[in-house]
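Undergrad: In the order they appear, the protein sequences are chains U and H. So for the first sequence, this note's numbering puts the first residue at 1; every next one is plus one. So for the second sequence, this note's numbering puts the first residue at 1001; every next one is plus one.
Quick caveat, the hints were computed from the structure, so don't treat them as lab data. Treat the hints with caution; some may be incorrect.
Covered, in the sense of this in silico footprint (three residues per stretch, anywhere, with C-beta under 8 Å from a C-beta of chain H), are these stretches of chain U [stated by the list, open to error]: (1) 107-116; (2) 154-162.
30 Å max Cα-Cα, derived DSSO-like pairs, lysine-lysine [to be verified]: (3) U/K110 - H/K1063; (4) U/K84 - U/K110; (5) U/K110 - U/K32; (6) H/K1115 - U/K84.
Using N, Cα and C, we set each Cβ at its ideal position, and we do this for glycine too.
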Amino acid sequence: MTTDDTILRVEGLAKSFGTTEVLKEVSFTVRKGETKVFIGPSGTGKSTLLRCINQLIVPDAGRVYLHGEEVTHAGARINHYRAKIGMVFQNFNLFDHLTAIRNVEIALLKVKGMKEDEAREKALFELRRVGMEDRADHYPAQLSGGQAQRVSIARALAMDPDVMLFDEPTSALDPELTGEVLEVIRGLARAGMTMLIVTHEMRFALSIADELLFMEHGTILERGAPGDLATSPTFERTRQFTGRFADL
Amino acid sequence: MDQTAFIINTLLPALWGGLVVTLGLIAFTAPFGVLIGAGVAVGRVYGSRPVQYLARAYVTFFKGTPLLLLLFILYFGLPSIGISLSPFVASVLGFIFCNSAYDSEYIRGSIRSIKEGQFTAGLALGMARTQVIRYVILPQALRRSIPGLVNEFVYLIKYSSLAYMVTVVELTGAGKMIATRYFTYNETFLVVGLVYLFLVTITTIGAHLLERRVAIPG
């Protein structure tokens, strides 16, 4: 059951849009420092799952616990939990009217209530961490996709989150730009960050995942360590899926 | 009488007082127009159902009734229910209703044009909805609204002359009085018209500079 190093617990999450069941009874537990990678065909509820965790989408059923405290049904306290759950989006979603460093600072100022100089220092630190300190005064429109995504990672990291959610962080990037973003995420894994990642980058998924979860039709169909993929019979469907990727 | 001497010695001093009143009407109206307009726009986009309906009713009502009628009601009508406003206050109120209703439409359009993902990102960082609106959405929406808001400002400069209909002696009113007394309609209203043109030109130049100043690089 729940051990001391459990950071996130997801129990029976379900969500339907109209008559379409996007998530059906999804459950898992995330330990501190663990990287779980969700793979599977498009439209199988992976992004919805991430958004249900921080309640950007309110699930129909199921519960989410962060450090044992319930995030679902948190009411006004939801902002408090969201601040501890970092999220990185497919389309970066940087604030277009703010420079890179202001993008990182703003939640520190407005959510954490930091002083200006304290926030600036923290923001610079995070930009340095993703290799973007020399672009601190650039606006989002002046950044490449890869740079913008690295800034958005810094923005999420600045909040010192307990867990990071990555929703297809490289899907909107040109192939030659995905590398720099994946390298930053690898660095976070090495530093012991707890992460949930939705991605279509199979090689990246296999190399970074502590556990690989294959989702289809709103459920976790198969799951296990990437090393088991080749050998375990339970990974039949996943092998098919990843095999198709290998063919491409 | 020499026309130039008339314009310099009689007309311009008389118009000066009117101009000050006109500028006063504009100065009291425009900031509240934008402020209330922004509030109404936010209410229409992000408010609860009742708030949305209320905001929509506000816009429909004040866009749909002639401004002159509104001024008549505010100045001549309200005293019968015990509310007596000075001509200046009644005019400013009427202008604010009208100005804010139109401003809100420009701002609403701009809010809608901002990518939904930025709102989501703000929430994901732990910001409250009101914080996202204030620090993420409005700073961008207001920038995009500048051309529309300037348009409304230009209208305001000109329709501020309606205040004369409720006895405010502003620029047009001051001109009318001089014109009637000296029987100099052409000279007087030509000069008055040039003053309005001057105000509008200054506004347009100022708006251009403002737009350049607040433009988001990239």
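Undergrad: Compare the structure with each hint and give your call.
TA: Outcome of the hint check:
1. Given a C-beta distance limit of less than 8 Å, the hint that chain H covers the region 107-116 of chain U holds, as 3 residues qualify and 3 suffice.
2. With 3 residues bearing a CB less than 8 Å from a CB of chain H, the region 154-162 of chain U meets the requirement of three and the coverage assertion stands.
3. A hinted pair counts as satisfied when its Cα atoms are at most 30 Å apart, and U/K110 with H/K1063 does not qualify at roughly 37 Å.
4. Of the pairs offered as hints, the one joining U/K84 and U/K110 holds, with about 14 Å between alpha carbons and a cut-off of 30 Å not exceeded.
5. Proximity of U/K110 to U/K32 is assessed by CA-CA distance (about 27 Å); at most 30 Å being required, the pair is judged to hold.
6. This hinted pair checks out: H/K1115 and U/K84 have alpha carbons roughly 24 Å apart, not beyond 30 Å.
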